[in-house]
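Student: Given these sequences and hints, build the entire structure.
So the number in my numbering is just where the residue sits in the sequence shown, counting from 1, plus 765.
What the hints contain is simulated information worked out from the structure, not anything from laboratory work. Remember, it's a predicted structure, so these values are computed and weren't measured experimentally. Using N, Cα and C, we set each Cβ at its ideal position, and we do this for glycine too. No incorrect hints appear here.
Within a straight-line C-alpha distance of at most 30 angstroms, the following computed DSS-like cross-link-like pairs (lysine-lysine) qualify: (1) K865 <-> K795; (2) K834 <-> K801; (3) K886 <-> K912; (4) K801 <-> K843; (5) K903 <-> K914; (6) K886 <-> K903; (7) K878 <-> K903; (8) K912 <-> K834; (9) K849 <-> K865; (10) K878 <-> K901; (11) K912 <-> K874; (12) K901 <-> K886.
Restraint-style ranges between C-beta atoms, simulated for each label pair: (13) S796 <-> Q923: 30 to 40 angstroms; (14) T863 <-> K885: 35 to 45 angstroms; (15) K885 <-> G829: 41 to 51 angstroms; (16) I910 <-> D788: 30 to 40 angstroms; (17) G829 <-> R881: 36 to 46 angstroms; (18) Q907 <-> N839: 15 to 25 angstroms; (19) S796 <-> T899: 47 to 57 angstroms; (20) Q825 <-> K903: 40 to 50 angstroms; (21) K801 <-> R780: 19 to 29 angstroms; (22) D802 <-> T899: 49 to 59 angstroms.
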Amino acid sequence: MASNFSFDIVSDFDRQELVNAIDQVVRDTKSRYDLKDTQTTVELGETAITINTDSDMTLQAIHGILREKAAKRNLSQKIFDFGKVESASGNRLRQEITLKKGISQDIAKEISKLIRDEFKKVQASIQGDAVRVTAKAKDDLQAVIQKVKEGDFPVALQFTNYR
Numbered sequence: 766m767a768s769n770f771s772f773d774i775v776s777d778f779d780r781q782e783l784v785n786a787i788d789q790v791v792r793d794t795k796s797r798y799d800l801k802d803t804q805t806t807v808e809l810g811e812t813a814i815t816i817n818t819d820s821d822m823t824l825q826a827i828h829g830i831l832r833e834k835a836a837k838r839n840l841s842q843k844i845f846d847f848g849k850v851e852s853a854s855g856n857r858l859r860q861e862i863t864l865k866k867g868i869s870q871d872i873a874k875e876i877s878k879l880i881r882d883e884f885k886k887v888q889a890s891i892q893g894d895a896v897r898v899t900a901k902a903k904d905d906l907q908a909v910i911q912k913v914k915e916g917d918f919p920v921a922l923q924f925t926n927y928r
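Tutor: Written out as structure tokens, the structure is:
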């Protein structure tokens, strides 16, 4: 029998699901009556999504479609960090939506402090942009997962490498 059980708390998203969601957003903007004449572009980069459109109303509509398509594909809304809207050439608007991935040091410290304060038999250690949680009993780990899920953190959290 293993002496310690562990899992990692990470903040990540399925890139392929995001690619599919963006593809659906592009298809919707080309087919929707109120959006098809706006020459709106939605481009997925390595770390951000860039939206280029003609008005604030259209931009809000694209936000709604993006949120809806992401939710249908089980992508958390917390991965999107909407940047400020900038003016682009020809009376157009551009907005960059940064994709959040990884847990910052501050949030990792907050998570490990929560675990230390609530659970005496569990150890939490920060490893890069993840938090490793170890305990002698699987029940303790299940309780930690429940407690962390109840916490309201500004990033999407997943629990991986459960063993």
